[in-house]
Structure formats: C-alpha cells, structure tokens
Amino acid sequence: MAHVRVAIVSEPLDITSEMERVTAGRGDIGAVVTFTGLCRDEDGRLEALELEHYPGMAEAEVTRIAEQAAGRWDISDVTILHRHGKVKPGEVIVLVVTASKHRHAAFESAAFIMDFLKTHAPFWKKEHTAAGAVNWVSAKRSDDDAEERWKTAD
Amino acid sequence: MAHVRVAIVSEPLDITSEMERVTAGRGDIGAVVTFTGLCRDEDGRLEALELEHYPGMAEAEVTRIAEQAAGRWDISDVTILHRHGKVKPGEVIVLVVTASKHRHAAFESAAFIMDFLKTHAPFWKKEHTAAGAVNWVSAKRSDDDAEERWKTAD
Amino acid sequence: MKLVYFAWVRERIGTAEETVELPKSVETVGDLLGWLKTRGDGYDAALAEPDAIRVALDHDHADHDARIAGVREVAFFPPMTGG
Amino acid sequence: MKLVYFAWVRERIGTAEETVELPKSVETVGDLLGWLKTRGDGYDAALAEPDAIRVALDHDHADHDARIAGVREVAFFPPMTGG
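Protein chains in written order, with the numbering used here: chain A, 1 to 154; chain B, 1 to 154; chain C, 1 to 83; chain D, 1 to 83.
No wet-lab data here; the hints were simulated from the structure. None of these values were measured; they are calculated from a predicted model. Glycine residues also receive a C-beta, built at the ideal position from the N, C-alpha and C atoms. It is possible that some hints are incorrect.
[Said to hold, decoys possible] The calculated DMTMM-like cross-link candidates involving lysine to aspartate or glutamate, where the alpha carbons are at most 20 Å apart (straight line), are:
id	chain 1	residue 1	chain 2	residue 2
1	B	Lys140	D	Asp51
2	D	Lys2	D	Asp63
3	B	Lys101	A	Asp28
4	B	Lys101	A	Asp143
5	B	Lys140	A	Asp143
6	A	Lys101	B	Glu47
7	A	Lys140	B	Asp74
8	A	Lys126	C	Glu18
9	B	Lys101	A	Glu42
10	B	Lys101	A	Asp144
11	A	Lys140	C	Asp51
12	A	Lys126	B	Asp41
13	A	Lys101	B	Asp28
14	A	Lys140	C	Asp65
15	D	Lys37	D	Glu21
16	A	Lys101	B	Asp41
17	A	Lys101	A	Glu47
18	B	Lys101	A	Glu47
19	A	Lys101	B	Asp74
20	A	Lys140	A	Glu20
21	A	Lys101	B	Asp144
22	A	Lys101	B	Glu147
23	B	Lys86	D	Glu11
24	B	Lys101	A	Glu127
25	A	Lys101	B	Glu127
26	B	Lys140	D	Glu21
27	B	Lys101	A	Glu20
28	A	Lys140	B	Glu127
29	A	Lys86	B	Asp28
30	A	Lys101	B	Asp43
31	B	Lys86	A	Asp28
32	B	Lys88	A	Asp28
33	B	Lys88	A	Asp14
34	B	Lys151	D	Glu49
[Stated by the list, open to error] Covered stretches of chain B, as calculated for chain A (at least 3 residues, CB under 8 Å):
id	segment
35	11-21
36	54-67
37	76-83
38	99-105
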C-alpha cells in the first residue's frame, strides 16, 4: 500500500522538500508527477483569494481521495497539501505529488486526485478584488464533468 | 504561442530552478505539472544507465515534440530536459514541465510529451549491472501503444 | 445535534455553528433542511435552493435522503471550490 | 552521403559514422539498407532484421520507402529507449 501524506496548512508550501522526501534513498521509483495549483491574478483584477475550509472533514476527505487513488493505481507514494486562509496571486493553493514505478500510474492518479479535490474537498474560495469587491467563487460545471469521467474509465 | 525550452545535458537536472523559472513574476498560470523520470536500481541489480543520444537530432526532435504539444493544448510554457551519458539509480533522466491556465491542458500535454519522448526521441539506454554485465535496453511494446492512443483522442 | 455552516450558507444564516433539538418528525437530511427553513429569513435565504446545498454527516458527504439518526454533526455548505 | 549509426547498430557495424558514394540504383532508404548489407558481416549482423531498424534523414524520422535524393545525413538506429 502506498505511503499517504495529507496536510491542510496556512503557510506557503515547499515543493522541493516534498519531492525530495518522496524520492530520497529509494531506487524503486521511476516516475514522479507533481501538480501545482496556483492563485491567478485574473488579469490584475484579483488581490487575494481567501480559502475557507471545514476543519476535520477537510483532512478526512482529502485522505479518502488519496487512499482511493492508492487503491486504484500502483503508486508507492501520494502527497496532497492544501492551503487555507489568504493566498496571494502566484502562491500555491494545492500541491499533489504521486510516485510510481511507471509513468501512467503517476499521471493518472494525480489527475484523478485533482478532479476529486475540486468537487469533494470541503474548501470554498472567496475573491478579494483590487477594486475592493468580495465574492464567493462559483463551482464549475466543468469540474463535475471532469470527475464524472473517472466513473466510466478503466 | 507557448514558450518552449529544450535542453539535452550531461549534468544532473535542477527541478526547483526550472519550476521557479516557469512561474516567476506571472499571474496567469493556474496549473503546473511536472514529470520526473528517474533511474531505477532494478532491485539493486543496476549500477548505472548509459544514455547514448544523436546530437543535433535529439534537440530537434525533442523541440518538435514540445511544439506539437504547444499546438495541441493551451499551454503557456513547456520545458523538456533530458540527460545523456551515465546516470546513477535515483538520478533524474528526464524532466518535463508544462504550465497552463487550466489543469487538464497541463496534465495532458505532459503525458503526451512523455509518450512521444519514449518512442521518438533518439536516445538509447545501456544497462550496466552490479554484476558487471552490459546490455542495451529493449524498446517496449507498451510504449508504442501509449503513443498510439493520442491518434484517436480528441 | 450540532449543525455547522460554511461559506455563503454560513454568511446568510449568520452563524458558523449551533446545537439544536430536533422534533421527532425530522428523520432525513431533507427533513432537516425543511425544518431549518422555517427558523427565520436568514435560513430561508441560505437554503432557498436545496439543490445548491451540499451536506456532510460526521465529516462524510451525504445525500439529501440520508437518515440522520445517530449523527453528531451535520454540515451544510455550497458546492466546493477547492483545489 | 554521410551515414551515422547508434546503439547496437553502431556496435555491430563497428563504426559510428562514414561517408559513402552510392550507386545510382540506390534511391530509397530500403535500397540503401539492402546495399549496406552487402558491405560485410558487421553490416549484415546489424541490419539483418530491417523491421528493427529506424531511420532518420537529416535529423528527421523517415520510413523505409522514403527517397534519399538530396539528403546529407542518414542515420540508422534501433527503436529508441529514451525518456
């Protein structure tokens, strides 16, 4: 079974140390895929995103998603780190790292995790614009469709 | 059109600096996917891989693959770095970084690039085993199949 | 039973959490949504479109027809926008 | 015309590159493969199974039926194992 690491944090994420932790001292990993989700500035319109989360459930749900991925693909390590609180444009919101002997398992499990984080992880984004407006980001229909494809796959 | 960076190098690859170069000072990137291909030790059997390449064609072909990916997906940046010469277990053989507004473009373009590198980039791996044997790695049928899927996709 | 609210559901109701005594007739999540809507304008505004409301029972996603007997904490929130 | 060889094709032929004068009858990659096989045991061993031989013309992949007129450099190598 894969090693699973999940953390919901308010500090900036350190990608390098996560990648090094996954591969250090191992000779059986042939492929590492990372996904980094960054806060965009929306053409300068956005000043910050505020990420609200459901403490307790966020950790539990993200862990369930990691374990689903580990059960479905032959991966040796899966890391999911998610920010909460205020995030500035250019900063990392979410980091997923999957490691496997083979590249397709690493790619597919990381893509699966991201699709499920979008629709299942209890986080809500509030935009703070440079003009001073504040509004909740709406969920995207395309994210539901993205999740749906994993039901017919295999 | 995407920014394309390709290099065929004999020194170890620095993933952190590549990721930072892609995202530094930009507010329009929402997703970065990295693929890192590592030399496995084959249960301790392998001492090193020796990567032969076709100078001139390697750069040209890898650039063609990067440009194909950039033409097919909405990505703002694509980096492909490939080692040649001797590589030890645990070291990076290939690094692909794709950046986009949206995650699916970043994931799919990186997977496409890896499938085409496997079947099209003029590199050949020679195994040096701990027992002193030396032999060329055979191409895998599964890599041809992996490339084939991009013809029917879309 | 403890109820917790997030994002605009929380803002419209005007509280992040509360503990309630439920009438015996409230057996499912859907029943609970209907009962909450009678509790004031904030609740009514927050829960006006039940299809837009997601629910978790004790930290796990649940449908509106799920039964709530034995549950300690029920959460109501909009569709998630993390990742 | 410059010919270059890689990996076990190079090792079996025993040279990494050479420049040759081709008879006029050699018009395609396939013709060239047939002509090379007559040049000695190393060539014959390297090119015994034409299906296993990949070809590039001036740094670009080509099929065995591609014409070689005007080409400066022809490369012969096994299926690639990079990435």
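Hint check results:
{"no.": "1", "hint": "B:Lys140 <-> D:Asp51", "verdict": "holds, 15 Å"}
{"no.": "2", "hint": "D:Lys2 <-> D:Asp63", "verdict": "holds, 18 Å"}
{"no.": "3", "hint": "B:Lys101 <-> A:Asp28", "verdict": "violated, 33 Å"}
{"no.": "4", "hint": "B:Lys101 <-> A:Asp143", "verdict": "holds, 14 Å"}
{"no.": "5", "hint": "B:Lys140 <-> A:Asp143", "verdict": "violated, 35 Å"}
{"no.": "6", "hint": "A:Lys101 <-> B:Glu47", "verdict": "holds, 18 Å"}
{"no.": "7", "hint": "A:Lys140 <-> B:Asp74", "verdict": "holds, 19 Å"}
{"no.": "8", "hint": "A:Lys126 <-> C:Glu18", "verdict": "violated, 23 Å"}
{"no.": "9", "hint": "B:Lys101 <-> A:Glu42", "verdict": "holds, 10 Å"}
{"no.": "10", "hint": "B:Lys101 <-> A:Asp144", "verdict": "holds, 18 Å"}
{"no.": "11", "hint": "A:Lys140 <-> C:Asp51", "verdict": "holds, 15 Å"}
{"no.": "12", "hint": "A:Lys126 <-> B:Asp41", "verdict": "violated, 47 Å"}
{"no.": "13", "hint": "A:Lys101 <-> B:Asp28", "verdict": "violated, 33 Å"}
{"no.": "14", "hint": "A:Lys140 <-> C:Asp65", "verdict": "violated, 24 Å"}
{"no.": "15", "hint": "D:Lys37 <-> D:Glu21", "verdict": "holds, 15 Å"}
{"no.": "16", "hint": "A:Lys101 <-> B:Asp41", "verdict": "holds, 11 Å"}
{"no.": "17", "hint": "A:Lys101 <-> A:Glu47", "verdict": "violated, 41 Å"}
{"no.": "18", "hint": "B:Lys101 <-> A:Glu47", "verdict": "holds, 17 Å"}
{"no.": "19", "hint": "A:Lys101 <-> B:Asp74", "verdict": "violated, 29 Å"}
{"no.": "20", "hint": "A:Lys140 <-> A:Glu20", "verdict": "violated, 34 Å"}
{"no.": "21", "hint": "A:Lys101 <-> B:Asp144", "verdict": "holds, 18 Å"}
{"no.": "22", "hint": "A:Lys101 <-> B:Glu147", "verdict": "holds, 19 Å"}
{"no.": "23", "hint": "B:Lys86 <-> D:Glu11", "verdict": "holds, 18 Å"}
{"no.": "24", "hint": "B:Lys101 <-> A:Glu127", "verdict": "holds, 17 Å"}
{"no.": "25", "hint": "A:Lys101 <-> B:Glu127", "verdict": "holds, 17 Å"}
{"no.": "26", "hint": "B:Lys140 <-> D:Glu21", "verdict": "violated, 36 Å"}
{"no.": "27", "hint": "B:Lys101 <-> A:Glu20", "verdict": "violated, 26 Å"}
{"no.": "28", "hint": "A:Lys140 <-> B:Glu127", "verdict": "violated, 48 Å"}
{"no.": "29", "hint": "A:Lys86 <-> B:Asp28", "verdict": "holds, 18 Å"}
{"no.": "30", "hint": "A:Lys101 <-> B:Asp43", "verdict": "holds, 12 Å"}
{"no.": "31", "hint": "B:Lys86 <-> A:Asp28", "verdict": "holds, 18 Å"}
{"no.": "32", "hint": "B:Lys88 <-> A:Asp28", "verdict": "holds, 13 Å"}
{"no.": "33", "hint": "B:Lys88 <-> A:Asp14", "verdict": "violated, 26 Å"}
{"no.": "34", "hint": "B:Lys151 <-> D:Glu49", "verdict": "violated, 27 Å"}
{"no.": "35", "hint": "11-21", "verdict": "holds (count 3)"}
{"no.": "36", "hint": "54-67", "verdict": "violated (count 0)"}
{"no.": "37", "hint": "76-83", "verdict": "violated (count 0)"}
{"no.": "38", "hint": "99-105", "verdict": "holds (count 3)"}
Comparing the model with each earlier hint shows violations of hints 3, 5, 8, 12, 13, 14, 17, 19, 20, 26, 27, 28, 33, 34, 36 and 37; every other hint is respected.
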